[in-house]
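> What follows is each chain in one-letter form.
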Amino acid sequence: GAGVSQSPRYKVAKRGQDVALRCDPISGHVSLFWYQQALGQGPEFLTYFQNEAQLDKSGLPSDRFFAERPEGSVSTLKIQRTQQEDSAVYLCASRQGMIDTQYFGPGTRLTVL
Amino acid sequence: ILNVEQSPQSLHVQEGDSTNFTCSFPSSNFYALHWYRWETAKSPEALFVMTLNGDEKKKGRISATLNTKEGYSYLYIKGSQPEDSATYLCALRRIKAAGNKLTFGGGTRVLVKP
Chain W
1 GAGVSQSPRY KVAKRGQDVA LRCDPISGHV SLFWYQQALG QGPEFLTYFQ
51 NEAQLDKSGL PSDRFFAERP EGSVSTLKIQ RTQQEDSAVY LCASRQGMID
101 TQYFGPGTRL TVL
Chain P
1 ILNVEQSPQS LHVQEGDSTN FTCSFPSSNF YALHWYRWET AKSPEALFVM
51 TLNGDEKKKG RISATLNTKE GYSYLYIKGS QPEDSATYLC ALRRIKAAGN
101 KLTFGGGTRV LVKP
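These protein sequence lines map, in sequence, to chains W and P. Residue 88 in our numbering sits at position 88 of the first sequence, with consecutive numbering throughout. Residue 26 in our numbering sits at position 26 of the second sequence, with consecutive numbering throughout.
No wet-lab data here; the hints were simulated from the structure. A quick note: this is a predicted structure, and the numbers were derived from the prediction, not measured. All C-beta atoms in this analysis are idealised placements derived from N, C-alpha and C, irrespective of residue type, glycine included.
Stretch-level coverage of chain P by chain W, calculated; a stretch enters the list once three of its residues show a Cβ under 8 Å from a Cβ in chain W: (1) 29-41; (2) 101-112.
If the Cβ cut is set under 7 Å, some of the chain P residues that face chain W in the computed set are: (3) Pro44; (4) Ala46; (5) Val49; (6) Leu89.
Construct the complete structure from the given sequences, taking the supplied hints into account.
Structural data, given as structure tokens:
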């Protein structure tokens, strides 16, 4: 079956631009996670949704970062007024229940010039 | 140990050789340890989910062990092949973490030389 997909796969933005990153989870998966992976580091948690409810956004680095999942399926991570330190790979993962493994998409590589 | 740590950061292995590397993690509030394999330009692939102290899991030539009391897990690759070249990530899931989010180590980058 189809896995988690993300788009775009690569994004180059000029500093100060707004960007929107999309995640299509596996159909029927209740939980959705966003992670940020900076160069040379492991992925770090950004935010978590259960259906359409954003239950944890403690990892969002600033108020320029905003995530939504309005219908409990597709999710969008928006970054306003991008900065160079936002350059990273943004990973999305979905999970069917509370005890299952997380399945990851291929990530979006964001480069802010 | 306060964070999830992996060592070494990278290693080169000759084709046919076996290798292993370590994931260390805080043992308090342990729920599960995940291992992922991440090849360039692909999605991280789930290898194992380990929950019990003493767990041993195997998938083909790759196996893993878990010690929750001392807070470490080993991943072994037997008879390395070029297709094993990837970054191997471990991730900790803790009991009290909201949503059971994963806390990742920095990864071990494995390069298998033909």
